[in-house]
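Kindly produce the complete structure, drawing on both the sequences and the hints.
Residue numbers (our numbering), protein chains in the order written: chain A, 1 to 305; chain B, 306 to 664.
No lab work stands behind these hints: they were computed from the structure. For clarity, every value in this text was computed on a predicted model and none was experimentally measured. Treat the hints with caution; some may be incorrect.
[Said to hold, decoys possible] In silico lysine-lysine, DSSO-like type, Cα no more than 30 Å apart, as pairs:
(1) K245(A) - K434(B)
(2) K313(B) - K421(B)
(3) K39(A) - K380(B)
(4) K508(B) - K452(B)
(5) K380(B) - K421(B)
(6) K640(B) - K302(A)
(7) K245(A) - K598(B)
(8) K538(B) - K302(A)
(9) K598(B) - K302(A)
(10) K39(A) - K421(B)
(11) K231(A) - K207(A)
(12) K106(A) - K39(A)
(13) K434(B) - K380(B)
(14) K302(A) - K245(A)
(15) K598(B) - K538(B)
(16) K302(A) - K309(B)
(17) K508(B) - K309(B)
(18) K434(B) - K482(B)
(19) K207(A) - K253(A)
(20) K380(B) - K302(A)
(21) K179(A) - K39(A)
(22) K313(B) - K508(B)
(23) K598(B) - K106(A)
(24) K309(B) - K538(B)
(25) K179(A) - K598(B)
(26) K380(B) - K106(A)
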Amino acid sequence: MHDLRFTIPAEELNREPFARTSPDFGKKSELMVTDHGYKCRITNIVPLSEQERLFQLRIVDPRERAMFTFRPGQFLMLEVPGYGEAPISISSATSNREFIELCIRKAGHVTSALFEARQGALVAVRGPFGTSFPMESMQEHDVLLIAGGLGIAPLRAPLFWINDHRDHYRNVSFLYGAKEPSQMLFTYQFEEWKTVSHIDLHTIVEKPDDQWTGRTGMITSLFDDITIDPKNTWAIVCGPPVMFKFVCTHLDKLGIPMNRMFVSLERRMHCGMGKCCRCMVGSTFTCLDGPVFDYWSVINLKEAI
Amino acid sequence: MIYKVISKPEFRAFVDALVRANTSYGPRQVDTGRNGEPIYQFMPVSSADEIAFDYTVTASSAKHLLMPFREELSKFSFRDGNWSQEVSYDAPPIVLFGLRPCDINAINLLDEVMLKGPYPSPYYLARRKNTFIIGMDHLPLPDCFCKSMNRHTTDHGFNLFASDIGEKYFLSINSSKAFNFLKEFETADPTYEDDCLLIERRKTIKQSFQTNVEVTGLPMFLDLEFDSPIWEKWGDKCLNCGTCAMVCPTCYCYNVEEHVETGLGSSSREKRLYSCNLVDFAEVTGGHNFRPKNGDRLKYRYYHHYRGFAVNDNQQICVGCNRCGRACLAGINPKDVINDLRLEKESCMTCVSPSPQKS
Numbered sequence: 001m002h003d004l005r006f007t008i009p010a011e012e013l014n015r016e017p018f019a020r021t022s023p024d025f026g027k028k029s030e031l032m033v034t035d036h037g038y039k040c041r042i043t044n045i046v047p048l049s050e051q052e053r054l055f056q057l058r059i060v061d062p063r064e065r066a067m068f069t070f071r072p073g074q075f076l077m078l079e080v081p082g083y084g085e086a087p088i089s090i091s092s093a094t095s096n097r098e099f100i101e102l103c104i105r106k107a108g109h110v111t112s113a114l115f116e117a118r119q120g121a122l123v124a125v126r127g128p129f130g131t132s133f134p135m136e137s138m139q140e141h142d143v144l145l146i147a148g149g150l151g152i153a154p155l156r157a158p159l160f161w162i163n164d165h166r167d168h169y170r171n172v173s174f175l176y177g178a179k180e181p182s183q184m185l186f187t188y189q190f191e192e193w194k195t196v197s198h199i200d201l202h203t204i205v206e207k208p209d210d211q212w213t214g215r216t217g218m219i220t221s222l223f224d225d226i227t228i229d230p231k232n233t234w235a236i237v238c239g240p241p242v243m244f245k246f247v248c249t250h251l252d253k254l255g256i257p258m259n260r261m262f263v264s265l266e267r268r269m270h271c272g273m274g275k276c277c278r279c280m281v282g283s284t285f286t287c288l289d290g291p292v293f294d295y296w297s298v299i300n301l302k303e304a305i
Numbered sequence: 306m307i308y309k310v311i312s313k314p315e316f317r318a319f320v321d322a323l324v325r326a327n328t329s330y331g332p333r334q335v336d337t338g339r340n341g342e343p344i345y346q347f348m349p350v351s352s353a354d355e356i357a358f359d360y361t362v363t364a365s366s367a368k369h370l371l372m373p374f375r376e377e378l379s380k381f382s383f384r385d386g387n388w389s390q391e392v393s394y395d396a397p398p399i400v401l402f403g404l405r406p407c408d409i410n411a412i413n414l415l416d417e418v419m420l421k422g423p424y425p426s427p428y429y430l431a432r433r434k435n436t437f438i439i440g441m442d443h444l445p446l447p448d449c450f451c452k453s454m455n456r457h458t459t460d461h462g463f464n465l466f467a468s469d470i471g472e473k474y475f476l477s478i479n480s481s482k483a484f485n486f487l488k489e490f491e492t493a494d495p496t497y498e499d500d501c502l503l504i505e506r507r508k509t510i511k512q513s514f515q516t517n518v519e520v521t522g523l524p525m526f527l528d529l530e531f532d533s534p535i536w537e538k539w540g541d542k543c544l545n546c547g548t549c550a551m552v553c554p555t556c557y558c559y560n561v562e563e564h565v566e567t568g569l570g571s572s573s574r575e576k577r578l579y580s581c582n583l584v585d586f587a588e589v590t591g592g593h594n595f596r597p598k599n600g601d602r603l604k605y606r607y608y609h610h611y612r613g614f615a616v617n618d619n620q621q622i623c624v625g626c627n628r629c630g631r632a633c634l635a636g637i638n639p640k641d642v643i644n645d646l647r648l649e650k651e652s653c654m655t656c657v658s659p660s661p662q663k664s
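Quick look at the structure:
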């Protein structure tokens with residue numbers, strides 16, 4: 001039976017409205033008014049799977065590097081000069097001020113060009129753009145992170161954040177599903193997350209291969225493995241659009257409030273600044289009011305998922 | 306705002322002097338249509354003789370003079386494995402002559418979209434600041450519906466506005482630049498008769514509208530009718546050509562592309578105006594299209610125009626010029642689509658509740 005009493009926790013009363021607040025720690029980045037990109041050097045390329053690689057970038061200019069800050073969940077526009085721009089979510093830790101890490105799948109012509117690039121090549125980034133996960137509001141609560149496939153890319157930043165401030169969070173569970181074991185990304189970090197960050201990590205694949213010993217099935221079946229305290233849980237969901245529907249409906253049934261469920265939507269932004277309308281959902285833009293939306297906004301916005 | 310009256314020959318002399326001294330754009334007849342009617346466009350003009358002072362309406366809007374169809378955003382030059390980026394916001398000063406109130410309102414709306422919010426566009430700002438706008442009122446065409454959108458008059462967004470009051474023009478001077486230009490020409494303060502003539506002119510314009518589109522409460526209607534079969538019906542007619550967005554004075558969606566020069570020494574990032582009716586508008590990398598059907602895309606355009614987006618305070622951005630309706634190859638026009646939408650709602654109400662019978 002649902003508890004229908006209308007109570008608002010004190011910390012939520014003090015919370016500012018989520019959308020459109022303080023990208024970049026409330027500081028206005030100088031980049032926001034220009035179309036100049038920060039020049040970056042590709043310092044390292046880590047192959048993650050056949051299609052995905054982790055690119056480590058370092059902003060060349062020390063002043064610009066010091067200026068570049070972001071919040072978990074934000075994205076940036078990656079420019080490969082001569083090829084074009086693509087919106088990419090930031091996968092590195094917010095505390096890492098030296099390097100930017102981007103987990104990129106080879107899909108379009110910009111990313112294909114990037115995959116040709118070697119270590120030391122120079123690219124550019126504009127940003128960061130968009131809203132972020134309200135990590136501060138999640139403090140003293142359970143956090144449930146759910147990722148499907150490449151959806152782990154934007155979830156790495158909140159994972160690092162939790163790792164940096166682990167004392168402030170209660171139980172943290174991370175459910176990760178992939179189509180095949182070979183498509184599972186960042187497997188080398190799983191042990192670290194489990195043992196050092198004390199994150200309850202569960203993985204599942206749809207199509208197992210011979211070596212796979214873990215769970216098989218859809219990501220929703222992982223909910224049986226964990227216990228959720230719906231009153232005190234904040235959820236972050238990221239994955240393909242079809243996954244949102246199943247996972248969010250399930251979480252809604254469990255009783256997690258809609259404004260505590262966050263999804264990161266994917267659209268093809270062209271400007272990142274709310275001008276080109278390419279990333280429009282409902283009556284707003286993914287680049288300004290997103291990519292992080294709470295589930296209540298998502299069900300209100302037409303064509304969102 | 307300062308008001309003056311000027312005789313028609315004197316106004317013509319003023320316009321002539323202005324367009325001779327500046328890069329100017331004004332309405333010119335470029336062709337004749339299928340039924341022999343003249344087709345006007347905003348084209349470069351070098352003297353008053355080239356301007357059609359009594360033009361009806363231009364086929365395209367003046368949007369592309371502030372927001373070109375192709376605009377370079379930045380330039381990359383490659384050298385020795387390195388690159389450098391140049392961004393320039395330069396815009397040459399131009400004079401726009403003969404804009405209708407709906408066109409000026411459209412520019413005001415574009416101002417809100419491009420210059421408000423967290424990321425004002427410096428490219429647009431440079432062009433906007435360097436543009437001198439002279440507006441002129443006109444009697445509406447049979448299919449104009451700017452009065453329904455409340456965009457048939459304007460009180461800002463222009464430097465000078467000329468209302469035709471018979472023998473003379475009634476001038477509204479909205480900038481010191483325009484005031485200074487006019488000092489060299491013979492103007493007079495409006496008399497009581499001039500004021501009366503202006504009010505008479507306003508009344509005539511207001512009463513000449515033949516098309517009325519009911520847009521009250523339309524944002525909510527659009528939300529309720531999101532899954533209506535109406536969209537599929539009109540979508541089936543749509544050819545996805547994007548003509549409507551090209552002629553629209555407020556369509557501003559764009560595409561960013563990068564082009565490498567043939568010498569491979571440099572490349573430029575270009576902004577190109579796009580249309581939400583084009584098939585790949587909402588396609589993401591990997592091939593998923595968020596709006597795969599014609600109807601979805603058509604609906605999106607009506608949503609943008611008649612519901613408005615949060616970025617410009619949910620204002621309806623349609624100004625009611627009906628350029629899209631005239632230009633559409635498939636004969637889709639906003640009046641029919643909106644009336645269809647409303648009619649369906651009404652018939653829907655009559656079938657579920659015993660509302661009064663319609664004759």
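request  = Hint by hint, work out which the structure violates, then give me just those numbers in ascending order.
outcome  = 1, 2, 11, 16, 20, 21, 24
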